[in-house]
Every structure is written in C-alpha cells, then in structure tokens.
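Fit chain G to the supplied structure of chain B, relying on the hints for placement.
First to last, the protein sequences are chains B and G.
FYI, in numbering that gives the first Met the number 0 the residues of the first sequence are 0 to 251.
FYI, in numbering that gives the first Met the number 0 the residues of the second sequence are 0 to 251.
To be clear, the hints were calculated from the coordinates, so they are not data collected in a lab.
Some clues are possibly wrong.
Stated by the list, open to error - Computed cross-link-like contacts, DMTMM-like style, restricted to lysine to aspartate or glutamate with a CA-CA straight-line distance of at most 20 Å:
#, chain 1, residue 1, chain 2, residue 2
1, B, Lys27, G, Asp159
2, G, Lys27, B, Glu114
3, G, Lys210, G, Asp159
4, G, Lys27, B, Glu200
5, B, Lys57, B, Glu32
6, B, Lys152, B, Glu119
7, G, Lys210, G, Glu244
8, B, Lys27, G, Glu114
Said to hold, decoys possible - Derived contacts from chain B toward chain G, CB cut-off under 7 Å, selection only:
#, residue
9, Val140
10, Ala205
11, Ile208
12, Arg243
All residues carry an ideal CB built from backbone N, CA and C; glycine is no exception.
In case you want the letters, here they are:
2 protein chains.
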Amino acid sequence: MNIILAEAAEVVAGRLALTDRRAEHIVKVLRSETGDRVRVGLINGQRGFGTIGGMQRKYPFMVELHLELNEPPGELPPIDLILALPRPIMLKRILSQVTALGVGTIHLINANRVEKSFWEAGLLQPDEYRSHLLQGLEQAVDTRLPDVRIHPKFKPFIEDEFPALAGNYRYLLLADPAGRQRLSDAVTGNTGRIVLAVGPEGGWVADEIEKFQEQGFCCCTLGERILKVDTAVIALHARITALRELEYPLAL
Amino acid sequence: MNIILAEAAEVVAGRLALTDRRAEHIVKVLRSETGDRVRVGLINGQRGFGTIGGMQRKYPFMVELHLELNEPPGELPPIDLILALPRPIMLKRILSQVTALGVGTIHLINANRVEKSFWEAGLLQPDEYRSHLLQGLEQAVDTRLPDVRIHPKFKPFIEDEFPALAGNYRYLLLADPAGRQRLSDAVTGNTGRIVLAVGPEGGWVADEIEKFQEQGFCCCTLGERILKVDTAVIALHARITALRELEYPLAL
Numbered sequence: 000m001n002i003i004l005a006e007a008a009e010v011v012a013g014r015l016a017l018t019d020r021r022a023e024h025i026v027k028v029l030r031s032e033t034g035d036r037v038r039v040g041l042i043n044g045q046r047g048f049g050t051i052g053g054m055q056r057k058y059p060f061m062v063e064l065h066l067e068l069n070e071p072p073g074e075l076p077p078i079d080l081i082l083a084l085p086r087p088i089m090l091k092r093i094l095s096q097v098t099a100l101g102v103g104t105i106h107l108i109n110a111n112r113v114e115k116s117f118w119e120a121g122l123l124q125p126d127e128y129r130s131h132l133l134q135g136l137e138q139a140v141d142t143r144l145p146d147v148r149i150h151p152k153f154k155p156f157i158e159d160e161f162p163a164l165a166g167n168y169r170y171l172l173l174a175d176p177a178g179r180q181r182l183s184d185a186v187t188g189n190t191g192r193i194v195l196a197v198g199p200e201g202g203w204v205a206d207e208i209e210k211f212q213e214q215g216f217c218c219c220t221l222g223e224r225i226l227k228v229d230t231a232v233i234a235l236h237a238r239i240t241a242l243r244e245l246e247y248p249l250a251l
Numbered sequence: 000m001n002i003i004l005a006e007a008a009e010v011v012a013g014r015l016a017l018t019d020r021r022a023e024h025i026v027k028v029l030r031s032e033t034g035d036r037v038r039v040g041l042i043n044g045q046r047g048f049g050t051i052g053g054m055q056r057k058y059p060f061m062v063e064l065h066l067e068l069n070e071p072p073g074e075l076p077p078i079d080l081i082l083a084l085p086r087p088i089m090l091k092r093i094l095s096q097v098t099a100l101g102v103g104t105i106h107l108i109n110a111n112r113v114e115k116s117f118w119e120a121g122l123l124q125p126d127e128y129r130s131h132l133l134q135g136l137e138q139a140v141d142t143r144l145p146d147v148r149i150h151p152k153f154k155p156f157i158e159d160e161f162p163a164l165a166g167n168y169r170y171l172l173l174a175d176p177a178g179r180q181r182l183s184d185a186v187t188g189n190t191g192r193i194v195l196a197v198g199p200e201g202g203w204v205a206d207e208i209e210k211f212q213e214q215g216f217c218c219c220t221l222g223e224r225i226l227k228v229d230t231a232v233i234a235l236h237a238r239i240t241a242l243r244e245l246e247y248p249l250a251l
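So here's chain B without its partners, still in its complex pose:
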C-alpha cells in the first residue's frame, strides 16, 4: 500500500478517521507516529498527504489524518482493454496488475473459448472486483479507478456497442499469436488512444477475429512464444507503453 485511498464521503472537515485495514497498515507496516505524514488520495480525486493527528496503536486500530490534497489525479491512461473473461483466479491478478500499470476502461467480454462457469463468478460483482482495482491503485500511487464494463454476449458487444466507441481510438489492436503484424509496426505514434483486445486461453476463434477486423482491428503478435493470458496482457501493455515513449518518426 503505497498510498492510503479513501472515499470523498469519508472525509469530514478535512479529517479522515480510519479504523480498518488502512489504520492497521499505518500502525503495523508503516509504523508511523503521531505527527508523521502519509501519502493519501481520494478515489477518483485529488492526491496529497495526511498528517497523523491521533492514533491508537493497539487493536482496535484507529488513525486520524488531517488531509492536504493538492495534487490532481494521474492522467487518464491511454490504453483501454477488451479481455475475454478469464478464469476468476487469473482475473483477480490481471485486474490489480493492469490497474497498477494504468488502464482507462476494462471491457470483460464473452468468447467462444471462455468457459461458461466463469460468468457465474462472484468476482463479477462490483463490490468484489473493486477491491482488486483498489489494490492496483494503492500499489501504483494512483487514484483514478478503471471503469469496468461487463458484456456477457460477444456479438451485441462487437456489432452494436463497439462501433459507438471506435472513434475514441487511434489504434485498435487485437492480440493473436497467428497475427502477422508486429506491435512496433502497428503503434507508430505517441498520441491518440489505444484499445487492446486479448483473447481467452486457446485464443480467439476465426469468426471472432473476423468480427474484430470488420471493426478495424489490426492482428498483432508478440512473436512465436505462446503466453498465458495473464503474462500476455502485461507484456502487451508494457510493449505498447515502450513504443509510445519513443520519439517519432522512426527511421524505418
């Protein structure tokens, strides 16, 4: 926890009183004392510091913080994700990892090779997945919560909903081990938003790839090595970020 996150509604007259795992973290991990300053942010709001005005160092833990939140939230990350719903245990990790790396919107969609039982996971309830997003923000010292949208049907998403979103993006990338385009040929500028679609274990089926292509997606590959979805999502995000950092035009 590199930043203590709170809801705006928890703050009363510039003070934040903590009694849960956040108080425990300040006492037991940070080992802070009265008068110390800790990093604090409001979810989807300002960041800054809290000065400890009072605390109870034994169970039940209590910490009162006086807030000075003068920093704006981080910029909206330029990457949105479309992810074929993974196994719940893998989804948990992906949600916190991509939130730490920075992502705007996460669309969880159905695909032919998504196991039906995954759609019954409790993790798809907002209160459940939100805790994994918060872990990512706490890690990365960010306050901007990704927007998670759940689409249990593939065709209505790609044919009816996505066309209204497509104009937001300069780059529409579909990860496909059999794809012919290298990312470095596909991402050739450092402005404009990117949407990245990553398939299920076993990959997209041909019909799905065709639907994405009809929407203007370009099939990109990470190379010959086949990766698990959790590894692939991070690797793709990181590669795109590296390419965006470059000064353009490249001498190709």
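Below, chain G without anything else, positioned relative to chain B:
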C-alpha cells in the same frame, strides 16, 4: 502444455513411453487418438512431433510416442536476469512467466530488503524450481531450460563473481523507480546481450545501487507508477523486447 517435454534419457530407439501427467494431458486435454501427432521436445534439445503408436485411455494412463525431432531448440534469449530473491509464492510465478517470455540465466541474489526466511524455501532446491521452469517452456513451446544460479550473499556476487560475467553484456540495466534514465534511452540497438537487475519489494538500498553502478549498471525507471516485483519483471522484459525489435538508428 503446448509441447510435451522429455529428458533425452527417456527416449529409447526413437520411442517415448509416458505414464505420468504428460500421458494424462494427451488423453484428457488434447483428447488425442492413436495415430495423432503431438508437439514434443527434448529438454535442452531438439523439437518436433511424436506420433501416438499406442495408448491406454483409462487410469493408469499410458501413451507411446514415435518421435521425429528435426527442429533445433529456440535461440538463446538475449536477456539474463538478476533478481533479488522474492517471496516463494511470487518466485514460482516469476520463474514460469520469465521462462515463457524467454530468459538465458536467472541469478537469484540476496539484498538488504530480502526477508531472511525466503532463503529457507524448499523452492530453492533444483528439483523444486525446475518444475516451474518446465511449465514456462511447455507454455512457450521451447526446450531451452534457463540456467538458475543462487547467490545467498550480495557482496561476493557483485564484487567477485559478476566482474567475470560483465563482458558478456552490451547493456547492464538496473531497475530503480528513482532511476533517471528511460529504458528507451538506455537500449539503443538490437544486438548484444542484456542483463537486467530487479530489486526486492521496497527496492534496492543506496549501497546496493552504488555497487551495481560501480560494475557499469545504468539505473532505469519504468515511470512514476510503483509496481510489484512480479509485474515489474514482466513489464521490463517486454519493454526491452519491444525496443530490441525496432530498426535502428532511431531519429531521436
């Protein structure tokens, strides 16, 4: 399991008889039949196919393969890793994920912020960590096992052992959230080997950074977001790989 891996010693007159989880995988996951071909490779050796000559589809599973192994192993990946020993549960995942991404040698070293108890983990026994490396190879359809070396003392490694290795590398990169150099400024060519050093949760201490710098390491950052070690290792590997794919020189 995208490739069935075997030891050379298991092959007798071009035949491989399987009775363990590999046989179970062929029966239950691949659902192969007699006469089908499956992807096979020898650990640290050739890759190719095995044709199923006979099988028992009920427990105890048995599959006999007739091998044709005509493809060389993949090339030696250009990246070696120096990793401050992480928590065992995280190390398991990192070992299989970096093996899937491709890594030559993995040096596990001590650092000030490595918890002492991590050195007692059973996972540091070769038979234990090897299974996680194999999972990564099975995922990535590779046969070249990374070389894992364990260095329980920091100073003897960096002062005595590393100088003999330094000449192998064109790029010596130290990941440090406070580093000033961007990876894209540090990796400016697509030839020569790279060694990447990643610290423990909480980071390297100043004295450790100094020792790496004395050996010629350059302090690189992934940006302002602080990442967990498992996310950071994959993200760094992927960013370096993206930069290596580019045509140089860049128009900077």
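Problem set entry | Hints violated by the structure (numbers, ascending) | Violated: hints 1, 7, 10, 11 and 12.
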